Amino acid sequence: MELLILLGLPLGGAALLALCGDRRWAPEATVLASLGTFLAGCALTARVIADGPQLVWNEQFFIDPFNVFLVALTAFVGFTTSLFSRTYMRVEAHHGKLSPQRLRLYHSMFQLFMFTMLLALLTNNMGILWVAMEAATLSTVLLVSLYRTPASLEAAWKYFILCGVGIALALFGTILLYFAAEKVLGSEGMSALLWTHLNGVKDRLEVTVLSIAFVFLLVGYGTKVGLAPLHNWLPDAHAEGPTPVSAVLSGLLLNVALYAVVRCKVLVEGSVRSELPGRMLMGFGLGSVLVAAFFLWRQKDIKRLFAYSSIEHMGIVTFAFGMGGPVADFAALLHMTVHSLTKSAIFFVVGHAAQKTGTQLIEGIRGLLVLSPTVGWGLMLGTLAILGMPPFGVFASEFLILTTAMRDHPWATPLLLLALGVAFGAVFSRVQPMVFGETTATRLPHPPALLPVFAHLSLVLMLGLWIPPFLAQWYRLAAAMIG
Amino acid sequence: MPDATASVPLSAQLIHLAAAVMLLLSFAMLAQRRLVSLVNLFAAQGATLVGSTLVVAYSTGQHELYLSAAVTSIKVVLLPYVLHRLIRRLSLQWDTETLVNIPTTMLIGLGVVIFAFGLAQPLSELASTVTRSTLGIAMAVVLLSFLMMITRRKAISQVIGFLAMENGLFFAATSATYGMPMVVELGILLDVLVGAFIFGIFFFHIREQFESLELSHLESLKED
Amino acid sequence: MSGHPPLLTGALALACGWIGIGLLGLLRPHSVRYAGRVLFPLGALAGLALAAIAIVAIWQPVQSLVLPLGLPDLPIHLRLDPLSAFFLLLLGTVSAGVSLFSAGYFREGEGAAPGLLGLQYHVFLGSMALVLLADDAYGFMVAWETMALSSYFLVTTQHRIPEIRRAGFLYLLLAHLGAISILLCYGVLQGGSWQFTFDAMRHAQLAPAWASAAFGLAVLGFGAKAGLVPLHVWLPEAHPAAPSPVSALMSGVMLKTAIYGLLRVSLDLLHQPQWWWGAAVLALGLFSALFGVVFAAVQTDMKRLLAYSSIENIGIVCAGIGLTLLFHAFHMPALAGLSLAATLYHCLNHAFFKSLLFLATGSVLHATHERSLGKLGGLIRRMPWVAWLALIGTLAIAGLPPLNGFVSEWLLLQSFLFTPEIPQPFANMLVPLGAAALAHTAAVAGYVMVNFYGVIFLGQLREPQLAQAQDCGWLERIGLSWLAAGCVALGLVPVLVLRLLNQVNAHLLGDAALVHADGIWVLAPVSPQRASYVPVVFLLGAALVVVLAVWITKGVYHGRVRLSAPWDCGYPLQTPRMQDSAEGFGYPVRHIFEPFFRMKRELPSPFDAAPRYRVVVEDWTWYGLYLPVAGAVLKLAALVGLLQRGRIAVYLLYSFLTLVVLLVIVL
Amino acid sequence: MPPMIMNGLFTQLLGAIVAVSLAPLFLGWVNQCRAWLSNRSAPPLLQPYLVIRKLLHKDAVLAENASPLFRVVPYILFGAMVTAAAIIPSLGTALPFAVCADAIALVGLFATARVFIALAAMDIGTAFGSMGARREMMVGFLAEPALLMVVFTASLICGSTALPTIADTLAGRTLAIYPSLAFAGVAFLMVLLAENARIPIDNPATHLELTMIHEAMVLEYSARHLALIEWASALKLFNYACIGFALFLPWGLAHEDNPLALLWALPLLGLKLIAAGAGLALIETVSAKLRIFRAPEFLAMAFMLAVLGLLVRLLLGS
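Chains as they are written, first to last, in the numbering used here: chain A, 58 to 540; chain B, 46 to 269; chain C, 27 to 693; chain D, 49 to 366.
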């Protein structure tokens with residue numbers, strides 16, 4: 058039942074808003090739909106907490122601790138983002154950057170995107186998972202090019218081509234998976250694509266096929282995760298799209314893509330029984346962290362800056378998943394959560410900052426504390442949180458990841474140390490003058506919608522000091538399942 | 046060995062033929078300069094795909110494959126049509142593009158094909174189907190279209206490369222594994238169509254922004 | 027051992043109380059009166075209470091407590107043992123004085139709103155207390171970084187000045203790097219048992235290589251916070267940037283938390299030190315000490331001068347730690363105890379006199395709005411309170427009897443005199459060099475302090491507007507007097523302090539490490555035949571003679587006095603410009619220690635119409651270490667930038683190649 | 049046992065009184081020897097006493113801007129020197145109050161005196177005052193560690209830093225050659241010259257602005273303040289001499305066991321002083337005043353010698 062609402066509401070909302078998304082009440086409608094989705098998500102999580110993992114609709118949908126917390130997270134961030142975009146988009150329209158039709162497109166596509174995210178998370182069918190991922194690309198690509206500026210078109214085009222190709226490779230991987238599975242499970246029905254079934258027989262699947270399949274899947278979904286060197290679409294798309302879109306891209310899409318990768322990894326590792334998949338993930342993760350850290354030093358555009366920081370953090374998470382083991386997986390899941398919360402909060406603030414100063418260039422943004430203290434402190438705290446400063450939650454996960462790495466893979470720790478140090482220096486040296494110092498800009502009338510920001514940040518703060526038992530329980534179960 | 050070939054059932058031979066044709070076509074696309082004929086080649090490839098699917102469906106008597114073939118044929122008919130319309134609308138009929146030194150591309154392509162075969166060899170050993178060896182060809186087609194996307198400088202040809210890649214995937218799906226479950230196929234197809242539609246939209250936006258579809262205009266976002 | 031141990035609970039309550047007081051500040055963020063009359067006095071009270079608890083706790087057995095916070099598998103553990111109790115005592119007593127001073131110090135126009143300052147200030151104090159109480163890696167790191175963060179915000183109070191922003195950034199960057207390496211150190215220490223509590227680390231069995239790695243990481247991390255050369259560069263930037271009470275806390279207390287961490291790791295968590303650890307730390311410390319004092323001698327900004335002097339003192343403390351490790355590694359508990367006592371004693375002393383001096387500079391700053399030594403002078407006549415209290419601090423930090431600085435240096439020299447008994451040819455050669463370096467440092471410190479005090483408070487006013495300087499208010503006076511009294515008391519009754527320290531020794535090094543501390547007056551740590559020092563009698567004797575001399579000269583002869591212009595060898599023209607500026611006073615050191623510096627001189631030529639002499643002394647670590655590193659990072663970034671040139675075909679090529687490579691790997 | 053303590057106290061008091069009373073005489077003796085050696089007609093032996101008396105009778109003249117610090121410093125200086133004199137075993141080694149301060153504390157005491165006089169010199173804010181203070185502190189931070197090293201050498205040999213114990217042990221030993229002590233002795237001599245404003249570092253008899261150190265600091269003092277300062281510096285010289293005796297010629301000091309030894313410890317001290325004064329005068333006459341910037345090299349040499357002595361002590365164990 059909750060499932061129906063969870064999937065139906067965004068879909069219906071998308072359809073409705075596609076028809077009349079240019080009305081005055083459209084933003085509120087979006088907010089309502091997202092709120093409903095969020096509530097449904099909570100209900101679903103409550104159900105799962107109550108009576109454990111469940112398969113529904115002849116096994117097409119599968120809800121276990123791993124995806125249910127991502128579902129809740131996705132729904133929550135979607136909700137807060139809609140809250141934020143309500144004000145933000147009004148201002149954009151008020152500045153004459155967007156026409157009503159564009160707003161209509163925005164609202165409906167936003168809902169559609171939420172739908173695809175949830176579908177990808179909830180489905181038990183690797184094929185449907187693929188479809189949902191592709192649909193996610195399709196629904197966001199028009200959002201990225203929403204402003205129709207040359208830059209945004211280019212960004213969208215790159216996003217589209219690169220992710221399209223990536224996704225195509227993932228499809229090939231899926232086919233290979235099926236190819237390997239149907240010999241075990243038979244081709245009748247679609248059990249050969251159902252993750253649960255595959256998981257059941259994973260140790261009987263063909264090793265060579267699966268490892269090749271995994272390579273395709275990793276490169277495919279990895280492109281969407283933004284692992285270096287497949288990441289090139291990410292900064293452009295984040296920088297050129299409207300801020301709410303950047304927020305959900307960074308906060309949700311990357312997570313879901315990583316979720317897909319991990320689901321595949323579970324299957325493959327079960328079959329291959331070798332370090333290989335883990336090693337690949339670690340390699341990709343480490344590479345992404347390093348590359349992103351050094352890219353950070355070159356940024357002039359604030360949204361690009363934080364896009365690269367997303368790459369860095371996805372790298373950390375991937376690295377952690379690659380290391381495996383209960384602690385590392387636990388840390389990785391925690392890091393996914395706090396990263397998406399923090400990063401979306403940062404993008405909210407950045408959006409307001411850019412609106413207040415009228416530019417996205419770092420040189421242009423100065424003295425936010427003077428301009429608007431709340432925005433300034435929001436940006437400062439968010440940045441410190443994302444840089445892994447206690448007592449925020451990001452530190453908790455980095456703590457576990459680093460210590461694990463120090464014991465299990467000491468060779469990696471100098472690189473991590475280097476990368477984290479470089480990233481810290483790069484990001485902070487850019488954010489500090491934006492928050493502090495003098496400014497020449499004049500205060501703009503409209504008040505910022507900072508409720509979402511501080512909601513996210515306080516959640517992250519809480520996670521740094523105290524992790525609710527049920528959440529910890531999910532993490533543990535999920536980690537156990539990931540292995 | 047002729048007798049060995051003879052021992053293979055006709056359907057399989059037909060499929061092998063189709064596979065060979067697809068491979069040939071993708072090589073041709075790799076080398077083709079003119080957009081219009083590129084589209085035709087793409088259509089031909091699609092047709093071959095439909096053919097092979099039909100054969101598979103007939104020979105194995107899996108009826109949903111007929112449906113799948115029909116579905117695929119939409120793509121074969123519709124997409125080239127749309128592309129032609131686009132080309133005419135954007136008046137690109139006589140548009141050609143300079144490729145990087147075709148012989149080199151060909152050689153790289155050959156290397157890719159060999160690589161794909163080598164890769165697929167162990168896999169096809171495991172396959173239960175008669176048409177197992179087509180997997181290698183499918184992979185080759187995918188990689189070749191990938192290569193084509195890399196070498197092209199025009200938005201449209203890049204898109205065609207993308208679609209050709211999808212062809213290769215479908216070919217793998219149908220011929221190597223006798224088709225994925227229906228839902229999935231439909232979903233995939235839907236995505237492809239929507240994708241093509243969005244591509245169309247993009248062409249117009251890009252066109253109106255840059256007065257051409259040269260990708261060289263789309264290189265402003267970079268680290269400098 | 028959980029439940030509710032009273033003292034630990036009390037200490038925790040006070041730490042949280044500090045944070046709570048800070049939050050109270052948000053009620054009326056813009057009212058100076060509220061902050062000055064309510065917040066800071068409350069903070070001072072909490073400090074005193076904490077000190078009281080610590081004094082009691084240092085005699086009690088170890089108490090520990092587990093909070094339902096932190097990571098699921100790792101709730102936050104707290105522990106109160108003599109070591110932490112000692113440092114809590116330091117924190118409480120010093121912060122009480124500083125808080126009282128701050129109550130009168132902060133006014134309008136200090137950058138951030140007073141309420142916000144109060145918040146950051148008290149969070150800073152609370153997090154320091156929690157650092158000392160934490161008993162697991164996670165809680166420690168959280169408190170540690172909170173401390174760094176709050177102090178960063180305090181440093182950047184006047185964030186509109188670019189230099190201050192730069193200083194803050196440098197500080198936070200180094201602090202963060204240090205924190206990461208501490209984190210890695212704990213990662214090593216937990217030794218495979220996924221327990222991050224310190225207890226688990228105490229029992230973890232580490233291979234020597236791992237242990238050394240952990241120790242190295244610890245020295246790196248805590249050294250970055252403590253300001254060991256070459257990780258010291260943030261100190262001389264951050265201390266001048268911060269408001270003076272904050273500099274006082276950072277230099278007086280925060281650096282000590284780093285020392286605490288180093289001791290905790292090297293003596294408590296790693297039970298078997300190797301002798302070369304000690305040698306390394308000793309060398310590092312002595313070098314830092316010499317480096318710091320020599321640089322302090324050539325500073326022209328009074329707070330930079332004090333910052334460098336902090337580097338010197340931390341160096342001395344680290345030398346003590348090195349000596350302790352050395353003796354401990356060779357199983358000489360008594361000597362280890364002696365040098366550990368000296369180390370901790372010096373921590374306490376430095377906390378008192380350094381914060382006293384920083385606060386004094388704060389008052390001077392408020393009265394004159396001038397930080398450059400070249401523009402001060404003669405303030406003893408304008409602000410006698412500050413001047414006379416600062417004189418005590420000056421004599422103490424110069425290591426002169428009978429004040430406290432001398433006691434710890436005396437103890438340290440005594441323990442140096444035992445190094446020949448070390449059964450290690452290289453190690454026992456350390457005595458001449460080490461003792462020489464230490465003695466030399468102490469002597470130059472005297473020079474530096476005469477420079478500091480003389481140029482600020484003595485002589486003629488170098489600038490006319492100094493005549494308007496006002497003495498500080500009563501709250502500031504109380505704060506300063508409290509710290510000065512501490513300096514005197516610590517100097518006069520060292521034995522009582524040694525008894526406290528004995529608890530720490532016994533806890534860390536076993537009962538064999540007790541220092542001989544009988545009676546009250548006679549300080550004879552080993553034996554009276556060996557060496558003894560009785561500051562009180564010493565002082566009384568000197569005082570007696572002084573009184574006699576005064577009585578004789580005034581009483582027996584007449585006491586007539588005439589006032590007139592200074593004679594100065596009869597030179598007619600005398601201007602304030604003729605007295606030595608700090609540059610002039612520092613000349614001999616610049617001359618003798620030339621290789622230490624990176625100097626730029628502007629000498630006037632004989633024909634200059636308006637001759638001017640300028641000398642800029644720079645720290646070579648910048649050019650030797652930091653700038654090259656930064657350059658390398660930028661170069662790498664430039665290389666990485668080549669990855670992304672905007673060509674979509676190239677991006678596709680990346681994916682293609684990645685795919686191919688991975689496939690090859692798989693096959 | 050009380051009688052022991054009693055004559056211990058007596059020894060100590062006597063030592064202090066002897067020092068205070070004889071110090072100017074010693075200074076006079078040195079000056080007289082110098083005069084003889086340079087064929088000048090010598091001032092009377094009691095000249096220093098006369099100077100002090102004269103100064104005590106005069107009216108003190110203070111600069112208007114002199115702070116209280118400036119006024120108290122002479123007394124502190126005097127007090128410090130007398131305290132030092134009381135601690136140093138000049139006559140006997142049974143000094144009950146010697147526990148108050150060992151050799152390190154003694155060095156600290158001298159440092160305190162130096163810091164105060166330097167501060168006082170900066171107080172008036174004249175060009176010469178601060179110059180003198182700077183130079184004095186420079187000499188200090190080079191000479192002080194050297195002195196400390198000398199003490200350390202001795203205390204490594206005797207396993208103690210308490211001067212009476214050192215003197216006892218050294219005196220008690222059978223006569224043996226200590227190379228380390230030889231090094232230390234030379235170093236100590238150099239330090240003594242430097243610390244007491246003698247040639248080659250400083251020239252007490254000159255007021256040549258560019259070379260003077262000690263004189264430059266006390267330029268602003270007059271009358272009783274000056275008298276105390278002069279007296280204190282005479283005491284300082286005396287103390288250094290006694291330290292030297294305790295470390296290098298420790299023979300003939302009275303031990304607690306025989307109080308009567310004081311009877312011949314006193315004349316022995318006198319002899320030592322006469323010899324030392326003559327030697328000092330000789331050195332001063334034959335050596336030339338160094339430029340002030342050569343002073344660091346001279347003192348660095350002393351420092352090196354002291355450290356070498358320590359090393360030798362460790363290497364040869366003698």
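Be aware that one or more of the hints could be misleading.
Below, a list of computed lysine-lysine pairs in the DSS-like style, where the Cα atoms sit at most 27 Å apart [what the hints assert, rightly or not]:
1) D:K320 <-> C:K580
2) A:K357 <-> C:K661
3) C:K626 <-> C:K401
4) C:K580 <-> D:K337
5) B:K267 <-> B:K199
Coverage of chain C stretches by chain A, computed from C-beta distances (three or more under 8 Å per stretch; other residues unrestricted) [to be verified]:
6) 60-74
7) 183-195
8) 433-444
9) 685-692
Anything over 12 Å on all C-beta distances counts as not near chain C; from chain B, calculated [stated by the list, open to error]:
10) A76
11) Y111
12) F160
13) H250
14) K267
Calculated directly from the structure, the hints in this document are not laboratory data. These numbers come from a predicted model, not from an experiment. Heads up, the beta-carbon is just placed ideally off N, CA and C, and yes, glycines get one too.
For each hint, the structure was consulted:
1. Between K320 (chain D) and K580 (chain C) the alpha-carbon distance is near 35 Å, which puts this suggested pair outside the 27 Å criterion.
2. With a CA separation close to 17 Å, the supplied pair K357 (chain A) and K661 (chain C) stays within the 27 Å bound.
3. Between the alpha carbons of K626 (chain C) and K401 (chain C) the distance comes to roughly 21 Å, so the proposed pair stays at or under 27 Å and holds.
4. Distance hint between K580 (chain C) and K337 (chain D) is unfulfilled; the C-alpha atoms sit about 38 Å from each other, more than 27 Å.
5. Annotation: proposed proximity of K267 (chain B) to K199 (chain B) holds, straight-line Cα distance about 19 Å (limit 27 Å).
6. Residues of the stretch 60-74 of chain C lying with their CB closer than 8 Å to a CB of chain A number 0, which falls below the three-residue condition for coverage.
7. Against chain A, the stretch 183-195 of chain C contributes 6 residues with a C-beta closer than 8 Å to a partner C-beta. That satisfies the three-residue criterion, and the hint holds.
8. Figure legend: the stretch 433-444 of chain C, annotated as covered by chain A; annotation inconsistent (0 residues with Cβ-Cβ distances under 8 Å, at least 3 required).
9. Chain A is given as covering the stretch 685-692 of chain C, and this holds because 5 residues of the stretch bring a CB closer than 8 Å to a CB of that chain, at least three being needed.
10. Even its closest Cβ contact with chain C, about 17 Å, leaves A76 (chain B) beyond 12 Å, as expected for a residue assigned away from the interface.
11. With a minimum CB-CB distance of about 33 Å to chain C, Y111 (chain B) clears the 12 Å threshold, and the non-interface call stands.
12. With a closest Cβ-Cβ approach of about 7 Å to chain C, F160 (chain B) is found to fall inside the 12 Å limit, against its non-interface label.
13. For H250 (chain B), the shortest C-beta to C-beta distance to chain C comes to about 16 Å, beyond the 12 Å cut-off, and the non-interface label holds.
14. The beta carbon of K267 (chain B) sits about 3 Å from the closest Cβ of chain C, which is not more than 12 Å, so the claim that it is off the interface is violated.
Checked against the numbered hints listed earlier, the structure breaks hints 1, 4, 6, 8, 12, 14; every other hint is satisfied.
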